[in-house]
Amino acid sequence: MKEELLFCPLGGAGEIGMNMNLYAYGNSDNQKWIIVDVGVTFADDTTPGIDLIYADPGFIVSRKENLLGIILTHAHEDHIGAITYVWPSLKCKIFATPFTASLVIEKFKEKKIDISNYIQIVQLNGKIDLNPFKIEYVTLTHSIIEPNGLKIETPAGKIFHTGDWKCDPDPLIGEKINSEKLKKIGDEGILSMVCDSTNVFSIGRSGSESDVRKNLIKIIERLKKRIIITSFASNVARMESAFVAAENCNRKISLVGRSMHRIYKAAKNCGYLKNVHEPIDLKEAKNMSKDKIIFLCTGSQGEPMGALNRIANNIHPDVYIEKGDAVIFSSKIIPGNVRKHYNLHNKLIKDGIEVISEETEFVHVSGHPNREDLKDMYNWIKPKSLIPVHGEHRHMKEQINFAKEMKIKYPVFVENGDIVKLYPGDKPDVYDKAPSGRLFVDGVIPTSEDSNSIKERKNIANNGFLGITILVSSKGEIKNEPKVVLYGLPVLEKDDFIFEIQKEILNVAKTFSLNNIKHEENLIETLKKTSRKYSKEKTGKKPLTNINIVRI
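Taking the numbering used here, the leading residue of the sequence shown gets 1, the next gets one more, and so forth.
Heads up, a few of these hints could be off.
[Said to hold, decoys possible] Here are the computed lysine-lysine pairs in the DSS-like style, where the Cα-Cα straight-line distance is at most 25 Å:
| # | residue 1 | residue 2 |
| --- | --- | --- |
| 1 | K382 | K332 |
| 2 | K350 | K384 |
| 3 | K479 | K455 |
| 4 | K127 | K151 |
| 5 | K503 | K475 |
| 6 | K483 | K538 |
| 7 | K536 | K455 |
| 8 | K134 | K183 |
| 9 | K286 | K350 |
| 10 | K183 | K214 |
| 11 | K268 | K225 |
Hints listed in this document are in silico derivations from the structure and should not be mistaken for laboratory results.
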């Protein structure tokens, strides 16, 4: 049998987030696999009680005997956030550069899992040999330190997997993109480039962290009040810019939120943030004059439990904000977080807080490539084929169109689960489909989207809850009135509603022999239907209904 080179996204093709990509080489009897990234996406209001969602790894779990390892491109949550949920089913090696590795190790420590024998730290621009894959890390620029593209060499040809990237001419932390190195990679001949699609609709270039720093300094110089800056904690260059701007204006920085402290500590341990003053403790910051302190905090997306939301609602134990103070949103709004973000934004303005965001001032640049950046990468790598990932369908389709403009011979549109045969054949194409889907982290339990817990919670959220308890004596007689509790039902006269539903319940119960336990299941189902029908008539809602028959 002839060897094949395959690519299969399990997540991240059709959405921004939840990135999980598979590569395979070998014949059908002996294919070796690698995973590139294991990320999460964030739930919205349609799934109450769910925070994280990740790609169902079942397809690769069934092939774990032939899995050579997980290769991580960088430390954003949409690329590493699911690793503690997926790895225990795989027990394979993990490869990452120092900063990413430090955050991954901390994640496993929180779960009390020791991965010291499995994780391998790869130096920047380092190489790993996972026969038949030879993988070279290629340091790029992004909105986090140590972002990497991957040159994946196989006996069938070479692939360039970009990961997340942009062309930042002055990234502040780390080196700028080595275009000469990328040109050499392109000159070697690239069978396919798997590329970030996030900003394909954005004209021009994505901009530089250096320019954001200059403008943050100008803004902070003019503000003579308490300042809160909120940003993605993972953007270490932006974090450093906050420190530099504070020092320039004779202010101190205090970090607010677990993620800020975690990223700061990891960056320091990996040799970054060497030239900034230590942040001061929140307890000390409380006693400082408002024109001498800047709070750098999490919660830029309006997350209910984010530090900024708690500050805005006066429930943070150490930081408060008042009329005349200023909040700088040095971040963009992630799709899905628009409502939460603007609710917070509007509350701050209503309370007399000055709000500065990318809508009003230059305080943020994206970490993803705009069209001119993409054009550079296409010209450097010169791939035979292009596979867009890291985007919604509209982003990926537009990158297919862009690839055609750039004279890429074989652009391939994929969705999660599509298996692309890159070799052999005259041109790559989707030739099979792997099982794919999503798993929802419900509390600490991964579960499917159609699980009972999620269905019931959606039902309660939409229709309310009705609970009925009936006490039955040893003689089969109902004792007292049925106990009725209700939540989330639009009932104007609660006592009247309960009185009437009790009558309905008793009327139904009389038609059953309560001495016969075998009839109990039928009775419960009949009472459910009766109760829900009554509720529908009176409130327009059919609540989730629970009937308890207690024999005494």
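Fill in: 25 Å limit on alpha-carbon distance, applied to hinted pair K382 and K332
31 Å, violated
Item to complete: Please work out if K350 and K384 have their alpha carbons no farther apart than 25 Å.
Response: 54 Å, violated
Discussion item. Hinted pair, alpha-carbon criterion (25 Å max): K479, K455. Please report holds or violated.
Written reply: 34 Å, violated
Worksheet item: Within a Cα-Cα threshold of 25 Å, do K134 and K183 meet the stated pairing?
Response: Given pair K134, K183 holds - Cα atoms ~19 Å apart, limit 25 Å.
Fill in: Agreement of K268 and K225 with the hint, judged by alpha carbon distance not exceeding 25 Å
Outside the cut-off at roughly 29 Å; violated.
Discussion item. Does K214 sit within 25 Å of K183, going by the straight-line distance between their CA atoms?
Written reply: 31 Å, violated
Discussion item. Against the 25 Å threshold, does the CA-CA distance of K503 and K475 hold or violate the hint?
Written reply: 21 Å, holds
Worksheet item: Is the hinted pair K536 and K455 satisfied, with a Cα-Cα distance of at most 25 Å?
Response: Within the cut-off at roughly 19 Å; holds.
Discussion item. Next pair to validate is K127 with K151; report whether the Cα-Cα distance is within 25 Å.
Written reply: Distance of about 9 Å is within 25 Å: holds.
Worksheet item: Taking only the CA atoms, is the gap from K286 to K350 under or equal to 25 Å?
Response: 24 Å, holds
Worksheet item: Does the structure keep K483 and K538 at a Cα separation of 25 Å or less?
Response: 19 Å, holds
The structure fails hints 1, 2, 3, 10, 11 (numbered hints given earlier, in ascending order).
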